[in-house]
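**Q** Single-letter residue listing:
2 protein chains.
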Amino acid sequence: MSEQHIVILLAHGSSDPKWCETFEKLAAPTIAAVPDSIVAYMELAEPSMASIVANAVKQGCNQFTVMPLFLAVGRHLRKDVPEMISAMESEHGVKINLAPPVGENPQLGIAIRAVVEETLKSSRAGRS
Amino acid sequence: MSEQHIVILLAHGSSDPKWCETFEKLAAPTIAAVPDSIVAYMELAEPSMASIVANAVKQGCNQFTVMPLFLAVGRHLRKDVPEMISAMESEHGVKINLAPPVGENPQLGIAIRAVVEETLKSSRAGRS
Chain A
1 MSEQHIVILL
11 AHGSSDPKWC
21 ETFEKLAAPT
31 IAAVPDSIVA
41 YMELAEPSMA
51 SIVANAVKQG
61 CNQFTVMPLF
71 LAVGRHLRKD
81 VPEMISAMES
91 EHGVKINLAP
101 PVGENPQLGI
111 AIRAVVEETL
121 KSSRAGRS
Chain B
1 MSEQHIVILL
11 AHGSSDPKWC
21 ETFEKLAAPT
31 IAAVPDSIVA
41 YMELAEPSMA
51 SIVANAVKQG
61 CNQFTVMPLF
71 LAVGRHLRKD
81 VPEMISAMES
91 EHGVKINLAP
101 PVGENPQLGI
111 AIRAVVEETL
121 KSSRAGRS
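Chains as they are written, first to last, in my numbering: chain A, 1 to 128; chain B, 1 to 128.
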């Protein structure tokens, strides 16, 4: 059995390609730094979480961590995603850890402060 | 006329108080650092963006920046929020700048990488 540990960066998904592009850009630094990390979507876009897990299981992987690229826990993370994960664990006989959404980590709040300060600075520069 | 510039940190809103608490925590570093910044909700929670703007206008403010605490542009930021902003601008005779969502700034992707690395490190520590 492979020791490979797949890290799924889970975004909501949308039929709008621009929406998915934003998540691909958000995930790019992680994908460049963390081995076996990949973006997947909960719904409305590909690759789906289910297809990523099924393909990895075929290649012998049995450990997964799902990192939700969500700011907070709503219905999807309270109910839909845990149900999808339970179903995949039963179907494939694997362990899938669901991490808290990235927005619950204080580092996001620090980054938001930097973004707000940068935005205000550039809008003031634009007015002067 | 006041020169005060109100910075509205706009979250989606939810009837779940825990959801709103997450956004209050996310906003806390910004609120501590940026004068006249405040959290408001698009729907389902208080304070609403409309009530923040109406109260500030009564106090003589006429400049606002809305910073969406969203990771990407979906229907809300493409359609609903611009419509709400147009209506408030007409009603109050003020200028409201709508900034891009925080998730479009590369600093969020860097923070997400740090969160993922921290999460994986602590889960490995938990297993050893």
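Source of the hints: derived by calculation from the structure; they are not laboratory data. Careful: at least some of the hints might be erroneous.
Note: identical chains are not told apart, hence a pair may lie in one copy or across any two.
Here are the simulated DSS-like cross-link-like pairs (lysine-lysine), alpha carbons at most 30 angstroms apart as the crow flies [unchecked claim]:
1) K79 <-> K25
2) K95 <-> K79
3) K121 <-> K95
4) K58 <-> K79
**Q** Against each hint, give a clear statement of whether it holds in the structure.
**A** These are the hints, each one checked on the structure:
no.	hint	in the structure
1	K79 <-> K25	both (27 angstroms within a copy, 23 angstroms between copies)
2	K95 <-> K79	within (18 angstroms within a copy, 40 angstroms between copies)
3	K121 <-> K95	between (46 angstroms within a copy, 17 angstroms between copies)
4	K58 <-> K79	within (27 angstroms within a copy, 42 angstroms between copies)
The structure agrees with every numbered hint stated previously.
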